[in-house]
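**Q** Residue numbers (the numbering used here), protein chains in the order written: chain X, 1 to 295; chain R, 1001 to 1295.
Just so you know, the hints here were simulated from the structure itself, not pulled from any lab data.
No residue lacks a Cβ here, since even glycine has one placed at the ideal position from N, Cα and C.
A few of these clues could be false.
From the derived model, a few chain R residues whose C-beta atoms are all more than 10 Å from chain X [what the hints assert, rightly or not]:
hint	residue
1	T1004
2	R1063
3	R1169
4	T1228
DSBU-like cross-link-like pairs, simulated, lysine-lysine; straight-line CA separation at most 35 Å [as the list claims (entries may be wrong)]:
hint	chain 1	residue 1	chain 2	residue 2
5	X	K284	R	K1218
6	R	K1284	X	K284
7	R	K1284	X	K218
8	X	K218	X	K284
9	R	K1284	R	K1218
There are 2 protein chains.
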Amino acid sequence: MAETLFRRLALIGIGLIGSSVARIARERGDIADELVVNARTQATLDRVQVLGLADRVEGDAARAVQGADGVMLCAPVGAFAGLAAAIAPHLAPGAIVTDVGSTKMSVIRDVGPALPEGVHFVPAHPVAGTEYSGPDAGFTTLFQGRWTLVTPPPGTEEAAIVRIEELWRRCGSMVERMEPAHHDRVLAIVSHLPHLLAFTICGTADDLEDESRQQVLKFAASGFRDFTRIAASDPVMWRDIFLNNREALLEMLARFTEDAQAMARAVRWGDAEYIEDKVERGRKIRRSLIELKQA
Amino acid sequence: MAETLFRRLALIGIGLIGSSVARIARERGDIADELVVNARTQATLDRVQVLGLADRVEGDAARAVQGADGVMLCAPVGAFAGLAAAIAPHLAPGAIVTDVGSTKMSVIRDVGPALPEGVHFVPAHPVAGTEYSGPDAGFTTLFQGRWTLVTPPPGTEEAAIVRIEELWRRCGSMVERMEPAHHDRVLAIVSHLPHLLAFTICGTADDLEDESRQQVLKFAASGFRDFTRIAASDPVMWRDIFLNNREALLEMLARFTEDAQAMARAVRWGDAEYIEDKVERGRKIRRSLIELKQA
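Looking at chain X on its own, in the form it has when it is part of the complex (with noise of 0.2 Å):
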């Protein structure tokens, strides 16, 4: 077996990815010799200890990241910062402190300037997810095949960023180091702008009038019902994405409600060629994820 990669980690936040981490550790052993987790709630901490998540649960952030040479936030990224404040005089000197945020711009700025000297900071971004949330949603496959993009910034220790990358490598993920600025526009459009038009259609829908609504249900053919999977997702996770990646979504957006604005003219305008156009590059585009084994 591999060296242990971290003799304390801490896992600050324990929804679908925190979860999986440590279903994964705790099936591989070569992750972390003790697993230390940190959740909110006592119902939250409860149910760790009912599933055998952890060495140790902890309700206090800071007493959680005490002694921990590896501390990973897995809480939303709108709570990052006062995370931050609350574990930075408690972290150890050398701890390597990672997070697993979906928005990455935002998490350097938040995290960054708390920590310590002497304390490294990883950022990092499993691509991987479900529509479910919360400690029992995690399972050991969750990573496999998917890819973890790592956005350290500049003057990261390097072996730090490797441990990081290893440590995602044993979660069965693909690593890629990844330019921060870069990374927030990337997801702003495979991630976030999906999400936010499958929460606006649901919105749409439900603001129809009564009869029509009930329709909407009951009829829900395979488009909105696909759109209804991904408008599952957990609330405050999406509100502090879309709240930490403003400038790339609203662009994204831009750029889409342009492209939408477009469609709607030639379908009112029965311009047949623009449509058929539009909809085979639609089809061009999940060929290439098909060969590129991502759909």
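Chain R: place on chain X using the hints.
**A** Same frame as chain X, now just chain R:
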């Protein structure tokens, strides 16, 4: 075994829906004594014979309907006006003409007036599908647990309607009658708009500068991936649906765009409560769908 519904049923077009009906008819034996299949290309007709989907294949739609007491139009709705004109002089007295198109006002406009006196016209729409198309795509369980909406124009003979409803029940579908204009509005929001959004976002992503586009494909998180599945559908079919449900689709898109702009404004101004509320609403709709077993 129940009495067979048609002596000779002619399927005009043999894509996902048509070939699923054919497979079910072959398997059950009580839908038609004889199955005639018409398609535009010889390649498709050859394939139908290899798959054993028909008693007889026929390259000419007019010849295909001769002597048939049931005719089901399974082509893209944009082809219906031409098909109706071509088959009308050859329809047997008392025959029932039905269709499976996703837009019903256009079908009533394009097909109804062309049919001779004494021929019954019962438009219908099985709300079921996958992203695959063609005679190989069909399967016998496609309609199970799904609704077929039957939208007869005023004055249609009740016995003809009942026969088509029975056909869909034998195909495994649940059946409901609906006013055609109402059908088009409901389908605009549950199916046509989701598809328009999915096609559009694929184009928006495809227009990104080269490096980002590659990464869109590489890191397709679950959101974008699900959209591309919807977007993989048949271009001609969807072009025709958009053009033939123009008013309802443009209205739903306008409502959606207002809602998306309201969301954009909330993101720009940091209105956390608004965003969380909209995401929560998506969840509720998903839960309703699961309760209704449509998810």
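**Q** When the hints from earlier in the document are held up against this structure, which numbers fail?
**A** 4
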